[in-house]
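Novice: The lines below spell out each chain.
There are 2 protein chains.
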Amino acid sequence: MQTKKQELEGKLQKIRELEQRLTFRLHILSKQIDQQAAEMLRDTPINLSAYRFMTTLESLGESSIADMARFIAMDRALASRTAVELERKRYVEFRKDPSNRRKKLVALTKDGEEFLSHIMPRFEARRTKLRAHLGEDMFASLHDCLDRLEDAIKD
Amino acid sequence: MQTKKQELEGKLQKIRELEQRLTFRLHILSKQIDQQAAEMLRDTPINLSAYRFMTTLESLGESSIADMARFIAMDRALASRTAVELERKRYVEFRKDPSNRRKKLVALTKDGEEFLSHIMPRFEARRTKLRAHLGEDMFASLHDCLDRLEDAIKD
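Heads up: the protein sequence lines correspond to chains A and B, in order. The UniProt record's numbering puts the last residue of the first sequence at 155; the count rises by one with no breaks. The UniProt record's numbering puts the last residue of the second sequence at 155; the count rises by one with no breaks.
Derived by calculation from the structure, the hints in this document are not laboratory data. Note that beta-carbon positions come from the ideal geometry of N, C-alpha and C, so glycine has one too. Hints may contain errors.
Claimed, not checked - Label pairs and their calculated CB-CB ranges: (1) Lys4/A <-> Lys96/B: 18 to 26 Å; (2) Met120/A <-> Glu7/B: 17 to 25 Å; (3) Lys154/B <-> Lys14/A: 21 to 29 Å; (4) Asp67/A <-> His133/B: 22 to 30 Å; (5) Lys11/B <-> Asp147/A: 21 to 29 Å; (6) Lys11/A <-> Arg101/B: 17 to 25 Å; (7) Glu9/B <-> Met120/A: 16 to 24 Å; (8) Met120/A <-> Arg88/B: 41 to 49 Å.
Make the full structure from the sequences, and use the hints.
Specialist: In C-alpha cells, the structure reads:
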C-alpha cells in the first residue's frame, strides 16, 4: 500500500511540475483564451485569425502583409490567406503603395469597419471582466512581468 | 505641420492601445515563445506539437488521446495525428486499456524516453534563463497573476 501511495505521489508530482512550467502555462492559457475568443466569433462570418488581422489593421492603418504578419507574430502565408479571405467578404481591400508600385497594401473597407464596431464590444466586455477579476494592482504587475518576459525572450 | 503631428500621435496611440491589450500581449508572447521553441527543435525529427505531446506524456504516463488533448489544450484531431506520427518514429506506442478494450492508450517507448532526455536539457536551459531574467519575486508574482487569470477565463 505504501509503495502504491508513493508511486501515485510521484506521478502527481510530475504533473505538478509540468503545470508549473512557465512557457507551458503561457501556452495553455493563451490557447484557452483563443478558444474562448473563437466561441465569441461563432455567429460571425470570420474566425479568430481574421479577427486578429482586422483589429490590428484597424490600429495600424493600411499596411503591407509582411508588416501585419510581423506585428501579430502570424505566419506570413496565413496572413496572406487571411487577407484574401477577408477581401472576398469585402472587409478589406488591396491598394498599391504609392511609394513603391510593386508593394501591395491592405486596408479595412467601410464594411470592415462597420463589422468590427459591431463585434468589438464583446471583446471589450471580456477585457473589462478580466481586468476587474485581476484587480488594478495585479493587472499592472502582470504587465510588468510580461514586459520583462518579452525582454528575456528577445535575449 | 501641427495637423500632421496630431495625426501621427493619434496613430501611435492606437498602436500603443493594441499592444497594451492583455489577451493580445499574451497571444504574441506565447507565439514568440513557440517560434523560439520551434527553432530549438529544428535539428530534431519532431516539431513543437510533437515535443509538447511527448513531454506531457512523460509527465502523465500512458493516457488516452482525449485526456492528452484536454491537458495540453490541443485540438483533438491534431493530438491524434501527432500520436500517429510519433508512433511511426517509434517514440510512442499504442496500448489497449485493460479496463476498457475499446479505449486506446498512448505511451512513450524506450526510444521516446531516450530522445526526450537528449533534448530536454535545451528546454531546461531556457527555463533557467527565463527565471533568472525575471528574478524570484517577479517569477512568483507572474505565477500568481496566471493563477488569477486562469480563474477569470474559466468564469
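Novice: Against this structure, judge whether each hint is valid.
Specialist: Evaluation of the provided hints:
1. Lys4/A <-> Lys96/B: 18 to 26 Å: Given range 18 to 26 Å: holds, Cβ gap about 23 Å.
2. Met120/A <-> Glu7/B: 17 to 25 Å: holds (22 Å)
3. Lys154/B <-> Lys14/A: 21 to 29 Å: holds (24 Å)
4. Asp67/A <-> His133/B: 22 to 30 Å: holds (28 Å)
5. Lys11/B <-> Asp147/A: 21 to 29 Å: At 22 Å between Cβs, range holds.
6. Lys11/A <-> Arg101/B: 17 to 25 Å: Hint holds: Cβ distance 24 Å, inside 17 to 25 Å.
7. Glu9/B <-> Met120/A: 16 to 24 Å: holds (22 Å)
8. Met120/A <-> Arg88/B: 41 to 49 Å: holds (45 Å)
Figure legend: structure checked against the earlier numbered hints; every hint is met.
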